[in-house]
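Take a look at the letters that make up each chain.
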Amino acid sequence: MLRHLAPLIKHLFVFFRLKKAKLLKMTIWQALLVHQSATPTSATSRESARVPTVVIPLKGDGVAEIESNDQRSECWRDFTDVLDAGIARVLLYGPPGTGKTFAALHFGVSQVAERLVCTEDLTTGEITGTWMPAGEGRWEWREGPAIRAWRDQAGLGGRLVVDEVDRASGDALSTLLAMTDSVESARWRNPQSGEWVRPGPHFSVVMTSNMEDLEDIPLALRDRFPVAIRVDQPHPSALESLSADLRSPALAGSLGDSTRRVSLRSFHAFDQLRHHLGVERAARLVFGVSRATDVLDALAIGELR
Amino acid sequence: MSVASVFPELVTGREDGFGIGSWRVESGSTSRGGASCDLTRRILEVPLGFDPTSRVVRAHELMHVRVSPYRSFVEHHDVSLRALECAEEYRVNALLARVGFATSLLRDGSEKSGGRRIAETGDWPEAVRFLLAVLGTGAERDFLSGVRLAQPGWMSGLRAVSKRARTLVDGMDNDDLSDTSVDDGGVPRGYANVTVALARVLDRAAGSQVPVDPDALRVFRRSLEVGSRRAPSGVFAPLVLDVSGLDGRGAPSAQWRRDQPSTSGVTMRYPSRLLTDDWQRAFGTKRRSRGGVVVIDQSGSMDIDPVQLAALLSRAPGTLVLGYSHRPGDVASKPNAWILARGGLLARRYPSGNVGNGVDGPVLAWAVARARPGEPVVWVTDGQVTDSNDHPSEALTVECANLVRRHRIRLVRELAGAAGALGCHRPLVHSDFGRVGRKLLENRAL
Numbered sequence: 001m002l003r004h005l006a007p008l009i010k011h012l013f014v015f016f017r018l019k020k021a022k023l024l025k026m027t028i029w030q031a032l033l034v035h036q037s038a039t040p041t042s043a044t045s046r047e048s049a050r051v052p053t054v055v056i057p058l059k060g061d062g063v064a065e066i067e068s069n070d071q072r073s074e075c076w077r078d079f080t081d082v083l084d085a086g087i088a089r090v091l092l093y094g095p096p097g098t099g100k101t102f103a104a105l106h107f108g109v110s111q112v113a114e115r116l117v118c119t120e121d122l123t124t125g126e127i128t129g130t131w132m133p134a135g136e137g138r139w140e141w142r143e144g145p146a147i148r149a150w151r152d153q154a155g156l157g158g159r160l161v162v163d164e165v166d167r168a169s170g171d172a173l174s175t176l177l178a179m180t181d182s183v184e185s186a187r188w189r190n191p192q193s194g195e196w197v198r199p200g201p202h203f204s205v206v207m208t209s210n211m212e213d214l215e216d217i218p219l220a221l222r223d224r225f226p227v228a229i230r231v232d233q234p235h236p237s238a239l240e241s242l243s244a245d246l247r248s249p250a251l252a253g254s255l256g257d258s259t260r261r262v263s264l265r266s267f268h269a270f271d272q273l274r275h276h277l278g279v280e281r282a283a284r285l286v287f288g289v290s291r292a293t294d295v296l297d298a299l300a301i302g303e304l305r
Numbered sequence: 001m002s003v004a005s006v007f008p009e010l011v012t013g014r015e016d017g018f019g020i021g022s023w024r025v026e027s028g029s030t031s032r033g034g035a036s037c038d039l040t041r042r043i044l045e046v047p048l049g050f051d052p053t054s055r056v057v058r059a060h061e062l063m064h065v066r067v068s069p070y071r072s073f074v075e076h077h078d079v080s081l082r083a084l085e086c087a088e089e090y091r092v093n094a095l096l097a098r099v100g101f102a103t104s105l106l107r108d109g110s111e112k113s114g115g116r117r118i119a120e121t122g123d124w125p126e127a128v129r130f131l132l133a134v135l136g137t138g139a140e141r142d143f144l145s146g147v148r149l150a151q152p153g154w155m156s157g158l159r160a161v162s163k164r165a166r167t168l169v170d171g172m173d174n175d176d177l178s179d180t181s182v183d184d185g186g187v188p189r190g191y192a193n194v195t196v197a198l199a200r201v202l203d204r205a206a207g208s209q210v211p212v213d214p215d216a217l218r219v220f221r222r223s224l225e226v227g228s229r230r231a232p233s234g235v236f237a238p239l240v241l242d243v244s245g246l247d248g249r250g251a252p253s254a255q256w257r258r259d260q261p262s263t264s265g266v267t268m269r270y271p272s273r274l275l276t277d278d279w280q281r282a283f284g285t286k287r288r289s290r291g292g293v294v295v296i297d298q299s300g301s302m303d304i305d306p307v308q309l310a311a312l313l314s315r316a317p318g319t320l321v322l323g324y325s326h327r328p329g330d331v332a333s334k335p336n337a338w339i340l341a342r343g344g345l346l347a348r349r350y351p352s353g354n355v356g357n358g359v360d361g362p363v364l365a366w367a368v369a370r371a372r373p374g375e376p377v378v379w380v381t382d383g384q385v386t387d388s389n390d391h392p393s394e395a396l397t398v399e400c401a402n403l404v405r406r407h408r409i410r411l412v413r414e415l416a417g418a419a420g421a422l423g424c425h426r427p428l429v430h431s432d433f434g435r436v437g438r439k440l441l442e443n444r445a446l
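Chains as they are written, first to last, in my numbering: chain A, 1 to 305; chain B, 1 to 446.
Hints are computed from structural coordinates only; laboratory data are not their basis. By construction, the Cβ of each residue, glycine as well, lies at the ideal position given by its N, Cα and C atoms. There's no promise every hint is true.
What the hints assert, rightly or not - Computed from the model, here is a short list of chain A residues facing chain B with C-beta under 7 Å: (1) Gly253; (2) Leu255; (3) Ala298.
Unchecked claim - These stretches of chain A come out as covered by chain B in the derived footprint (C-beta under 8 Å, 3 or more residues): (4) 95-108; (5) 149-161; (6) 214-227.
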């Protein structure tokens, strides 16, 4: 019994630790997303790396409901249509704070997706797996998120989300290209058991990048991902947890140039803080001293209050 | 150097179909004309300083982003573009003040000299319009004091305009003022109900004479009310001539022969007449084409009778016929004169009148300029002369009477009499031609 509860207790512990550390800026669902990104390379068991279905204040039971076509902007309509059509390799790019990762993790997937966040220090071991000490001088092989995604859903294959792919080093990028190859071409051998592993037939990959221009993304990667969608607006579902007066500005906030962009995360934090600290102090803390006045001016003029 | 930010993308809430999108922000200044908002191309030019004035100027342009129409509706309304611009400025400034911005900071120090310059050049229309553009801002007082230096007599009229505008806007709440939902014509309601209404007030005031005495001021104030009669303007409307009635070839009028038989000449054009004509008029001579310019006052409900017009052209085929009538208060948006016949061709359509005279003087001057040497000008009129707002005017009547006397313009009451007047060489009696007739008699007596 205790063995079964241990992962859950650990999970809650990590969650509250993160929540405390970033209390002022994060909502519960954001904290869970951060937690999830931290788990794949941790030394926990395979089960513990799986975060329970993300609790977000949306409709449905864990998987975000996709709204009717009329309510979505074109980029989101493209994304869901592409997934519905069975395309298993999609690249989402565009300004930060629009919910690309959120969508990649939740849309068109029934179980928890595996997630990789690329940095320059990302190693191939963090993609495919590493040897880990198992006590008593023994070592065992721990499979990485890519292989786990191959095997997900009892071998049918799950979703692998690769964030900020443009930051991956050359070695990591090569491994990622191999792992995201077609189901027919990709295969990998487990060094411990010698088992040959192939991706399941339902294995899908969604990569995200904050790059503004598709031309900046490596050609080899673009070749693997024939469908690239520029996401420049938050998904309407992600706005629903905001107060009504902030939804429209938040929808448009990511559209300005990089110096004027206000991300959805900022709006969530501002919305939460203003009820406790007042509007002006919340704006100073979230948007910065130099921008707070102008953000508030724009919001006041939009609302005419 | 760090600069302030501006967030036009965050200004939402419009209901007129102006979708969200990315803006280009350019650095501007706090001086007049140094900031702008181009809704069509989504370009915002604003000062990027951290000082309070820059902040209010930015807020002013953001308010345009919030409420101003993103396409022009000038053609939808009978108001001038300049009046619409100034009225929209006032609506934006009024909203800005209501949201809590310090509109008293909206001044750049040039308003006093600007007001004085406008007053010195006697540009009353611009004084009225500019006043509305700065109403409620820190520039209002400076502008008025500049005007007062050169034209103290304008102050009561300007105060009447500002009072009327304030009354109109103060009677509306924020939702009405800023309403961007569109009406049946596709025009945002706030713009249609406030900006256009204010622009109408402006055009009325700008098109009126400066009220100098209490009676004139009373009439002027009354004229600013909705549905009231406009105050006298004291000037003719500019001539807006429509020649489209003769597009293509026009309809041929009764043909006339250019040659006529004669008993003497150079070319024997009709030899058969030696046998058939008792006078043996076998030579052909060029017939002098009878013509001239006939100007027809189409004010009131007077329509052109095609039969009478055809009869005129059959007797005087070369006549240039012009109809005119001005819509009171119109600001050159609608033609107030049109060609009815020219070079033997009749117009394919005869516009009906626009109620008022309004343009008598410019039409007569145009007719005199178009008449060939020796050709007469005939004026079909009841002898009344009115200004652009259709008020009788002593000065304008004298102006027309002088034109009549100087250029020997022949006055007739009916179109049927025009042909006779073209061929008449006797001086015409003017006593029964209303005010113009009386002025002509007074001139003669002098």
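Evaluated hints:
{"no.": "1", "hint": "Gly253", "result": "holds (6 Å)"}
{"no.": "2", "hint": "Leu255", "result": "holds (4 Å)"}
{"no.": "3", "hint": "Ala298", "result": "holds (4 Å)"}
{"no.": "4", "hint": "95-108", "result": "violated (count 0)"}
{"no.": "5", "hint": "149-161", "result": "violated (count 0)"}
{"no.": "6", "hint": "214-227", "result": "violated (count 0)"}
Violated hints for the displayed structure, listed by number in ascending order: 4, 5, 6.
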